[in-house]
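Enquirer: These protein sequence lines map, in sequence, to chains A and B. Position in the first sequence counted from 1, then plus 429, gives you the working numbering. Position in the second sequence counted from 1, then plus 2, gives you the working numbering.
To be clear, the hints were calculated from the coordinates, so they are not data collected in a lab. Ideal placement from N, C-alpha and C gives every residue a C-beta, glycine not left out. Treat the hints with care, as some may be off.
Examples of chain A residues lying across from chain B (beta carbon under 7 Å, computed) [what the hints assert, rightly or not]:
1) 540
2) 541
3) 611
If you only want the chain A side, here are some residues facing chain B, beta carbon under 8 Å, derived [what the hints assert, rightly or not]:
4) 443
5) 446
6) 448
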Amino acid sequence: MKNFGKYLLLLVALFTRREKFKVYIRLIVEECILVGYHSIFIVVIVSTFIGAVTAVQTGYNLVSDFIPVSVIGTIVRDMTILELAPTILSIVLAGKVGSNIAGHLGTMRITEQIDALEVMGINSASFLILPKISACLIMFPMLVIISGFLSIYGGFLAGTLTGALTEEEYIMGIRLDFQSFNIWFALIKSIVFAFLISSISAYQGYFTKGGALEVGQSSTTAVTNSCIAILFADFLLAKLLL
Amino acid sequence: MIEFNNLNKTFENKNVLIDVSGKFTKGKCNLIIGASGTGKSVLLKTLVGLIQPDTGNILYDGRDFTKADTVLKQDIRREIGMLFQGSALFDSKTVEENVMFPLDMLTQMSKSEKQDRVNYCLQRVGLENASKLMPSQISGGMQKRVGIARAIVNNSKYLYCDEPNSGLDPQTSIRIDNLINDITHEYNITTVVVTHDMNSVLEIGEYVIFMFKGEKVWEGSKKDILDTKVKSLQDFLFANKLIREMKDHQ
Chain A
430 MKNFGKYLLL LVALFTRREK FKVYIRLIVE ECILVGYHSI FIVVIVSTFI
480 GAVTAVQTGY NLVSDFIPVS VIGTIVRDMT ILELAPTILS IVLAGKVGSN
530 IAGHLGTMRI TEQIDALEVM GINSASFLIL PKISACLIMF PMLVIISGFL
580 SIYGGFLAGT LTGALTEEEY IMGIRLDFQS FNIWFALIKS IVFAFLISSI
630 SAYQGYFTKG GALEVGQSST TAVTNSCIAI LFADFLLAKL LL
Chain B
3 MIEFNNLNKT FENKNVLIDV SGKFTKGKCN LIIGASGTGK SVLLKTLVGL
53 IQPDTGNILY DGRDFTKADT VLKQDIRREI GMLFQGSALF DSKTVEENVM
103 FPLDMLTQMS KSEKQDRVNY CLQRVGLENA SKLMPSQISG GMQKRVGIAR
153 AIVNNSKYLY CDEPNSGLDP QTSIRIDNLI NDITHEYNIT TVVVTHDMNS
203 VLEIGEYVIF MFKGEKVWEG SKKDILDTKV KSLQDFLFAN KLIREMKDHQ
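Isolated chain A, as found in the complex (with noise of 0.2 Å):
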C-alpha cells in the first residue's frame, strides 16, 4: 500500500512546477521516435507470427466437415483485435519500452542525474517521466493498429501457402460479422495498458535506490509488474467493457 501510495503521489507531481510546454513537445518527439519508430521491427516480426501460428492452429483444430474453413479468418480477426495485437504487443513492450524506462530513470538516479535536475530547481519527475507517458499514450495505439494489421495478414499468408484455405475464403472469414466497437476496445486497451506500462516502469526507475545491481533489479521488477497490471487491466476491461 505504501508503493502504491508513492506511485500515486508521483502521478501527481508530474503535474505540479511543470515546465514550458515546447520543451515537453520536443521531449515527447524524442520518445515518440525511442518508443514507435525504434519498436517496429519487433512489432513487425511478433504481430506477423502471432497471426500466422493462429492460423496455423485454427486449421489444425477445425476437424468437422460442417464448419467451412473462412472461420479461420473470423478466428484470427477476433482473437487479433481483442486480445493478441493490444494484450501480448503490450507485454511484448512491457519488456522492451518498459526496460528501457526503468532502466533510464533508475541509472539517471544512481549517477546523480536527477538531483543534478532538482538542484536546478526542474521538476525532475515532470520532466522525465511526463513525456515517456505521453510518448507511449501516442504510439502504442498506432503500433496496436499496426499490429493488427500484420497479424491478420500473417494468418492470411499462413493459411494460403500452406493450402488451409484459399485467399477468397480467408477475405471472407475475416469480413463475416465484423463489429466495429471491438476496434475501439483494442484502442481504448492499447491505451490503458500504455498507461500502466510508462507509469509503473517510471515509478521503479525513478526510485532505484544502490547501484548498476539495483539498475537491473528495476528493470526486471519494472517490467513484471506491468505485465500484472496488463493482465489485471485486460480482465477488467473486458469484464466491464464487452
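Given chain A, work out where chain B should sit, using these hints.
Expert: What follows is chain B alone, placed relative to chain A:
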C-alpha cells in the same frame, strides 16, 4: 551568505546530523571536511534541499529555504550551482549541450546569447575544444570541469561541490581546486566544498568546518587547522604516518 542553524536529521533511528549550525560567507571557499560516513554529504544535500532536515533552518541571504513555498524554493534553487561527486552530466547530451541545459531551461536568453555564454564558460574551465564531445569521451577531470562550467553558466550565487577531487590524480585535483577557488573570488560567490582531501583543505580552505559522527566539532581556517587540539580532527589530519612524523619532527 548561507546560514544554517540547529540542523538535525535522522535516518532509521540513526542520527546523521546533530544540531549542526554554521555560516558560509560570500566570496570565500567554505569547506566541510570529515571522514567517510560523518554526515558531510548529508549536510550538503540538506543545504541544497535534496534532503529535508527534521529540525533547524537554512537561510540563503536571509531567505528561509526550509520554510519557503514552492515558488521561493525554486527561485533559490535556480541561484544554486552544484558539482556532483560523479559529475552527474547528462550522458545523452554533448559537453556543450550539458552546459547550455540550465540556460535552455531557466532563462529567456536568445540562442546566440546562450552560445556566447556557453563558449565563455567552457573557455573559463579550459574545455573550449571539447564542446562537441560526449561525456563518455572525456576524462574524469574533464567531466568535473564540465560540471563546474554547468554550475556557473547561469551566474549562480551559490556553488556547491561534492568531493570534487574524488577519483582524480593529485595534479588534476589541484587544478580543480584552483579553478573552484578562482571562480569563487572572480564572481564573488558563496562556495561550499565537501571533501576529505587534505590537499584541498590546505590549498583553498578559507573557512573549514570539521564533522565527526554527525556533529560539527571544529571550525576555523586552513591557517589554524594544523594547530588544533581537537582529538578527532588530529586523528583525521594526521592519519598518514609520514605527515605524523613530519609533525613530530617540527
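Enquirer: Work down the list of hints and note, for each, if the structure agrees.
Expert: Each hint tested on the structure:
1. Interface hint at residue 540/A: satisfied, since its Cβ lies 6 Å from the closest Cβ of chain B, which is below the 7 Å cut-off.
2. Contact between residue 541/A and chain B, as hinted, is supported at the beta carbon level, the nearest pair being about 4 Å apart and thus within 7 Å.
3. Using the Cβ-Cβ criterion of 7 Å, the hint placing residue 611/A at the interface with chain B is not satisfied: the shortest such distance is roughly 40 Å.
4. Because the beta carbon of residue 443/A sits about 15 Å from the nearest beta carbon in chain B, more than 8 Å, this interface hint is broken.
5. The restraint placing residue 446/A at the interface with chain B holds, with a minimum CB-CB distance near 6 Å, inside the 8 Å limit.
6. A least Cβ separation of about 7 Å between residue 448/A and chain B falls short of the 8 Å threshold, and the interface hint therefore holds.
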